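S.K.: In case you want the letters, here they are:
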Amino acid sequence: MRIDGGLTWTALRDLECAELEGAADGWGQVGNRADAARDRVGTHLLNGLRDTQRSEAAESAVARLHQLHGNFQYAHTECGLIRTALNSLAHEMKAQQRVLADALEDAAALTFTVHADGSVAYPAAGEGLLDGRPPQGGTAASSGPPGLVAPSGLIAPNPNAARAQDIADRVAGAVRAAAEIDWRYAGILRRLKAEEGLKVPASTWKDAAADAAEVRDAARNYLRDGIPEDATPAERNAWWAGLGQEQREEYLAVYPDVIGNLDGIPAAVRDAANRDNLQLLIGKLDGRDDSRSVAQLEGLREIDRQLRAGSDPPMFLRGISDEGNGRAIVSYGNPDTARNVAAYVPGLNTSLDKEFAEGDLKRARDTAITAQRYDSSSAAIAWLGYDAPQAPDWFGSLAVMGDSRAERGGAHFSSFMQGIVSTNESEDPHLTAIGHSYGSRTVGAAAQRGEGIPGVDDIVLVGSPGVGVDRAEDLGVGKEHVFVGAAENDVVTRLPSKQQVVLGAAAGPVAYMVGSLVDKGDGDLWFGKDPASRAFGAQRFHVDEGPRLISARGLSIDAHSRYFDVGPERDNASADNIALIVSGNAHKIKSEEAR
Amino acid sequence: MSGVTGVRSLRELAGPAGDDDRAVLRHSDGPWVRAADGAEALRTHLGPVPAELAAAHKGLTAGSGALSALAELGTVRASWERRFAAAQGECASLTGKFRAVARTLGGTDETVRSSFTSVAGRAEAR
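Chains as they are written, first to last, in numbering that gives the first Met the number 0: chain A, 0 to 594; chain B, 0 to 125.
It should be emphasised that the hints constitute simulated quantities derived from the structure, not laboratory data.
Remember, predicted model here, so these are calculated numbers, not experimental data.
The beta-carbon is built from N, C-alpha and C at its ideal position, and this holds for glycine as well.
Warning: the hint list may mix true and false statements.
[To be verified] Covered by chain A, per the in silico footprint, the following chain B stretches (three or more residues, Cβ under 8 Å):
#1 36-42
#2 45-53
#3 65-78
#4 81-95
[Stated by the list, open to error] Straight line, CA to CA, 20 Å or less: simulated DMTMM-like cross-link-like pairs of lysine to aspartate or glutamate:
#5 Lys205(A) to Glu228(A)
#6 Lys57(B) to Asp13(A)
#7 Lys192(A) to Glu80(B)
Whenever a hint applies, use it, and build me the whole structure from the sequences.
M.R.: So this is what it looks like as structure tokens:
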């Protein structure tokens, strides 16, 4: 591998790194222009035609505008990477210029001459061994990379020779390192060329993901004020606030996946990063044929479709990733500006797939819409920020899974809510944690950490198999702020305790699903006391009883999944009660007797 | 974009062509005219890109022989200038199409759709 490329020490010395940085600024400027163009296409053009025109002409126009939108998003991403690559190149070159400058200064101080080829001439000095006359001067040339040439054992009597050798080696070392840097960045830049045309197929996003990884790898030293991933959300928020606009843009360009999923970063910033992440992830998963990738890709595409279609309340993508079973955190309404913010934690068998992207997002969206009827300053979030247990036979497999997913998920959920507290602009935001099914156990786990879930005023538990504590007052918000919805026919809210299952021995999950093992009436459920029981002490709100488990139409567990359903098909007391709590109107809920 | 701006820029673009001018103005607050104005404004918005890149790289071109990364940067820049130019071309094309739709709102939808599709096909072939 030839890496010196003919670079000389004079060329390295004369390299104007400030000009490289100036070029980087230009790419930043153009990238921002592309970003503004993307925004214009989305806000001014697409919205105008999509919302008002329902015709084939509009559809064709919208398709072309989408292509243009994708083009600008791609341009914004890549220009940002070129900018950081150039800044990082300048940063690394400056380090080698400093090594060179030090060597040249030493040479000048000793009145040595550094020749164009890097050899160093030195004058006579020292004391002769025979006649007392100083040994003659000479020229030292670099002996190549350190360690390649073994010391000869013959020591020149002129003390200048060793000094000159050292200087020659340092000069050559700086030039060699600079040539390697040049070679490396030439490769990176080559891959940042624009593809021809306007289209941005998934394969292009896949390349863009690789580009980002490569620039990130190269720029590690340059962006050395690393992202404080181990800090608290409040500290991260302060870190972000302290960055200059250009630094923020560079972090967004190089680390969209980290910034997009970092609690403590403002919602609008995370949303911008995650819209890029979404495309990068779609590019990454496109073409894979394993079932997990296929399912996640379907989920990501559905989220992308909804983002393109636009939403009221507006969508904010607060988290997206292919980690584990997939992560997706979507807010309806801006969680930084809304006074009331609710986060809904889904439960068993939830993962990033089409079903989540359709069903669980709709739950959050419906909750936001209904809550806004009571207080327009309300937002609701679907939070899939953990690996919910995947149990094909539902609670039958939970015996071996235990609480670990809930405990880990609870830690993430706490961090997330702390992030909301640090970015929400209201003086005293009203935060609600909603847990459904196993998600209520996760909320319960979060509530038992430290001083409870950060910032959360109210907790809503629906379809809960128990939350890990036996009394509402142990959830950290006061029992009058714990609200429980349990449909009479929701079998999950009547799961027997583990002890009872053990007693029931080989009867297995099917047996209790059809009722033979349903809670014996002592109020002890799978994960502790039934939250709807009098002993638990929470506020039970009215929920329609839902379809029976066994009817003429066969086996149905639909009663477990209707807590968020809204009109027009159904006038649902449950969804309305949840919205009242979320909007800070809990005193208006319709109550129900505890079990 | 306000309706007022839409009307003013439309007048400028449509020119003084008597009857035709009035026909277009009848739809001046419609979404197609606003879209046309938006696409036109977007084309203008992208106009400074080559000059901005040229200014940013001004000092670099002189010493570009020293680093191979800078030679690559030259081709990178050219590729993005082409891509931005293509986007500008698309804006111009869309502007024309949107104005055509605005004018022929009374015509059949199918005609308009096929006119978009043919342009999209050409853009793909590029």
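S.K.: Each hint needs a verdict: does it hold in this structure or not?
M.R.: Hint check results:
Interface restraint, the stretch 36-42 of chain B with chain A: holds (4 residues with C-beta to C-beta distance below 8 Å; minimum three). Taking a C-beta to C-beta cut-off of 8 Å, the stretch 45-53 of chain B contributes 5 residues in contact with chain A, enough for the three needed, and the coverage statement holds. Figure legend: the stretch 65-78 of chain B, annotated as covered by chain A; annotation consistent (10 residues with Cβ-Cβ distances under 8 Å, at least 3 required). With 8 residues bearing a CB less than 8 Å from a CB of chain A, the stretch 81-95 of chain B meets the requirement of three and the coverage assertion stands.
Only pairs whose Cα atoms come within 20 Å are accepted, and Lys205(A) paired with Glu228(A) is rejected, the gap being roughly 25 Å. With a CA separation close to 16 Å, the supplied pair Lys57(B) and Asp13(A) stays within the 20 Å bound. In summary, the hint linking Lys192(A) to Glu80(B) is supported, as the alpha carbons are separated by about 10 Å, within the 20 Å threshold.
When each numbered hint is compared with the structure, a violation occurs for hint 5 only.
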